[in-house]
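**Q** Chains X and Y are the protein sequences, given in the same order.
Residue numbering for the first sequence follows the working numbering, starting at 1 and increasing by one per position.
Residue numbering for the second sequence follows the working numbering, starting at 228 and increasing by one per position.
Worth flagging that the hints you see were computed from the coordinates, not collected in a lab.
Don't take each hint at face value.
[To be verified] Computed, partial: chain Y to chain X, Cβ under 8 angstroms:
1) R654
2) I669
3) D718
Because the structure is a prediction, the values reported are computed rather than measured.
A virtual CB, placed ideally from N, CA and C, is assigned to each residue, including glycine.
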Amino acid sequence: MSGGQTEGSRALRVAVADDAVLLREGIGQILRAGGMQVVVSVDTAEELLAAVAEEDGIDAIVLDIKMPPTHTDEGLRALERLRAGGSTAGVLLLSMYTTASYAIRAMSAGSGTGYLLKDRVADADTLVTAVRTVARGGSVVDPEVVQFLVSARSSEAAVEALSARERDVLRLMAEGKSNAGIATELHLSLRTVESHIGHIMAKLGVEDSAEGHRRVLAVLRFLGRDV
Amino acid sequence: MDLARPVSVRSTPAPPEREAELRRPDAGRLGLRALALTVALASNVLAQVLSAVTDDYGPRPSGIGWAIVFVAVAVDYLVCAVVAWRIVRSPVPGWVMVGAALFWSAGAWYPMVRPWGWVWPWIEGVTDLWAVLVGLLVLCYPTGRLARRFDRIIVLVVSGAFVVRLGGILLFASPEPAVCGCASNPYAVLPSDTADFWLGLAWRFVGLALMLTVAARLIAQWFTSSLPARRVAFVMPLAILLWCFGTVQESLSFALHWDGGWLQFVPPVAIALVPPAFVGGVLYARGLRSRVADLVIVARDKVDRGLWESSLARTLHDPSLRVFWWDEPLQRYQTSDGEPAPEAGLTQRPGRSTLAIDSDQGPIALIEHDVALTQDDRLLDAVSSALLLSVDNDRLRERLERTIHELRESRLRIVEEGYLARRRLERDLHDGSQQQLVSLAISLRIATAKAEAHGDEELAVDLQRAAGQLGDALRELRELARGIHPTVLTDGDLRSAIEELGMRSHLPVEVYIDIGERLPEVVEETIYYCVSECLANAAKHARARNCSVLVTRTDSTVAVVVKDDGQGGARIEPGGGLEGLRDRVEAVSGRADVRSVEGLGTIIELTIPVPA
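This is chain X alone, in the form it adopts within the complex (with noise of 0.2 angstroms):
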C-alpha cells in the first residue's frame, strides 16, 4: 500500500460524515491503513459542523453529498458553511453520481476542496491521495466528471485553443494531481509539465495568485463558470 507515508512529522487528523454506517467504517479503515486518524465519525452535517468547531486541527473532512435530513446537498451546504466560517480544512466530497453542477459549486468553495465518485472509496490510493491533496490545499475532482466534462466542453472555444497534450494535462490538474504526478502520468519531464501549466494559464486568462488556487481557477474557467 503506498498511502503508508505521512505528511510532515504527524499523522493527518481526519473527520468522516455519511449515514451509511458501514461505509463510514470502510472509509475509516481505509484511511487509518493510509496513516491517518480519523478523529470524528459521525452520520450527519450538523453533528459534523459541532464536531470539527469542537476538535482543533482537523486537516481533512470526507463526507457523503446526501445526508440525512434532506438526502439531497447537505454535504456541499455544510462544505459552504465551513469556509464561510473560515475553516481551511481540506474537505473531499464524495457522491454516489458524478454530477456536473455538484462539481462546480464544489469548486467554487475554493481551495482544498475535491469531488469524487464514491466508487474510489475501495481504491485505497485514490482515497488516501485525494484526502492529502486537500489537506495541503489542492483541488480533486473525480477523472469521470473530468472526462466527461472534457468531451461535453470540447467545441468550446476556450477550450478549442487549447492544444491535445496541454488539455491533457489540464485534466489531471483538474484531477488534484501534482506537477510530478502530471510529468509521470503523461511520461514528460518536469519541466515541459510547467510550460504546459503556464500555456493553460496564459491561454484561459487565469491571473497569477496563490500556486493552490490558481490551478483551481484553470479547473473553474474549464468547467465553464466565470471566476
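For chain X, the structure is supplied; the task is to place chain Y on it using the hints.
**A** Frame of chain X, contents of chain Y only:
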C-alpha cells in the same frame, strides 16, 4: 281551458293526438274547404250581379259601390278563413269565417227568391246569421274554443234568440204580397204582423245588447289585462265597438229616415276588421313562439338564471313574468336571488297563471306569467322546451366538465405517481444497493490488502478481480439509477439537469434557460424527460449535427423549444416516443407541437401552464 289550474308541461314530446292535429289536412278535407270557399264566393258575387242586373236590391242600399263593398267583405272573410286554417290548429275559426261570408250574401238573395214562397222565409230567417257567426268568431279567439263559461252562455243565448227569430219568421211572417212583391209564406200557420214586428224588434235589441256585452267584456279585459294580452288582440275590441256603433247608427237612421252619409260605411268596415284581427293576433303569438328559440341561444352559454328571467320576460313581452327555480336542498321554488316563491295564492292571483316545468329528475322551475300567454299553449310548450333544453344542456355540460376535470386530475396524479415512484426507486437504490455495494468494495479492498500482507498473491489477485467486477456492476447500477431519475433534478435545479443532459448528449447542445425561480416539481420533471427524449431522438433518429434547447417563462406559462438540424420528418405516431412526450405534456395541461420538415430539421415546442 281552466285558468285556475297551472298548466303543467312535461318534458315528454308532444302527445300523439297533437301530432295528428299538426299534420296537414288530407285531400278530402282540402276539397271540402275549397268547395265551401267557392260556394261562399259565388253566392256573394252572383247575388250582387243578379241584383245589379235586375236592379232589385230590396230594402238594401243599392249601387255599384255597395255591391263592391259587400263582395269585398266576403272576400276578406274567405281570405282570412284560408289563413286561419293554416295557422290555427282548430279548423273551427276558418269554418266560422266561411259561414259568415256565405250568410253575408243571404240579404242580397232575398229579392231574388221572393217569388218562391217556400224559399224566401228561410232566406230572410238566416239574413242575420252572419252576425251570430262573427260574434262566435270573436268569442272563440284565438284557439277556436270557447274558453270561458261566460262565453259559452252568450253563445247559447244568441243561438236561442236566433232560433226563436227564425221560428218567428217562419210562423208569423205574412207580408202583403203587393207590398213586398213576394209569394205568400206557406209556413205561416199563425200569420201575425204584430208578433213578427215585435219579435224582429226584440231580436234587434237582444242582438245589440249581446254585442255590447261582448264588446264591453273585450274592452274590460283589454284594459285590465297586461301588456302582452293587449298587444295580442287590440283590433278585435275596436272592431266590435265600431260594429256596435254602426248597428246603433243604422237603427237610428232606419227609425229617423236619416241617411247616415259616409258613416253608413262604418259597419261593413268594422265587420271586415274582425277576421284580420283574429288571424293577426294568432300570427303575433306565433311570432312570439318563434322568438322563444332565441332563449335556447341565450341558454347556449351556461344558464344564467337571472338572465333567463329577463330574456323570457322580454321575449314574451310580459315584464311581470317571474321565474322561480326549484331548489333541491330547500325543497322549494325560489327566484334566482334566493327569494322564495309565494307558496299559497300564486295560482289564484287574478290575471296570473303559472307554468310548472319538470324533468324526469324532478321539478326544475315555475314560471309565473300573464294569463294571456296561456291563450297559446304551444307558446308555453316552446318556453318549457327551451328551458328544459338549456337546463339539460347545462347539466350535461356540468357533468362533462366535471368528468374532464376529474380525468385531468387523475392523469396528473398518475404522472406524478410515476415521477414519485422513480424518485423513490432511485433513492432506494442509492441508500440501499449502491451503498452496500460500495461497502462491499471497501471490504474486498481490505481483504485484498490483508491477502497481500500475508503473501497470498493468488488470493489477492482473485479478490482484485472480484473488486474489478464489482466496480463494473457499480457503474452499471449508477447509470441505471440515473436513467430512472437524475438526482440533480431533485437536488439541483432544472438548469443544471438540462445542462447535464446537454453535456451527456452525443451532440453539441446549446442550452439557454431563463426561468427565474424553480417550477413545480411535476413540471420540471416533465420538461426534463421531454428534453431528454428530444435530444435522444435528435442523436438517434434525426442524425442531427447540432441541437439547441431553449426554456423560457412568461407569467403563466413555460415554453420549451428543442431544435435540431437533422433530417426532419418526425411525427407524433401511436406508440412512438413523441406520443409519450405529448402525453406527458398534456398531463400537466400543456401542449406539444412538432414541426418537422423532411430535410429541414425538427422543432419541438412545449407550452406548459404554471401558476404565476
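**Q** Decide, hint by hint, whether the structure agrees.
**A** Hint check:
The criterion of a C-beta within 8 angstroms of any C-beta in chain X is met by Y:R654, whose closest approach is roughly 7 angstroms, and the hint holds. Contact between Y:I669 and chain X, as hinted, is supported at the beta carbon level, the nearest pair being about 3 angstroms apart and thus within 8 angstroms. The interface hint given for Y:D718 holds, since its Cβ lies 4 angstroms from the closest Cβ of chain X, which is under the 8 angstroms cut-off.
The structure shown violates none of the earlier numbered hints.
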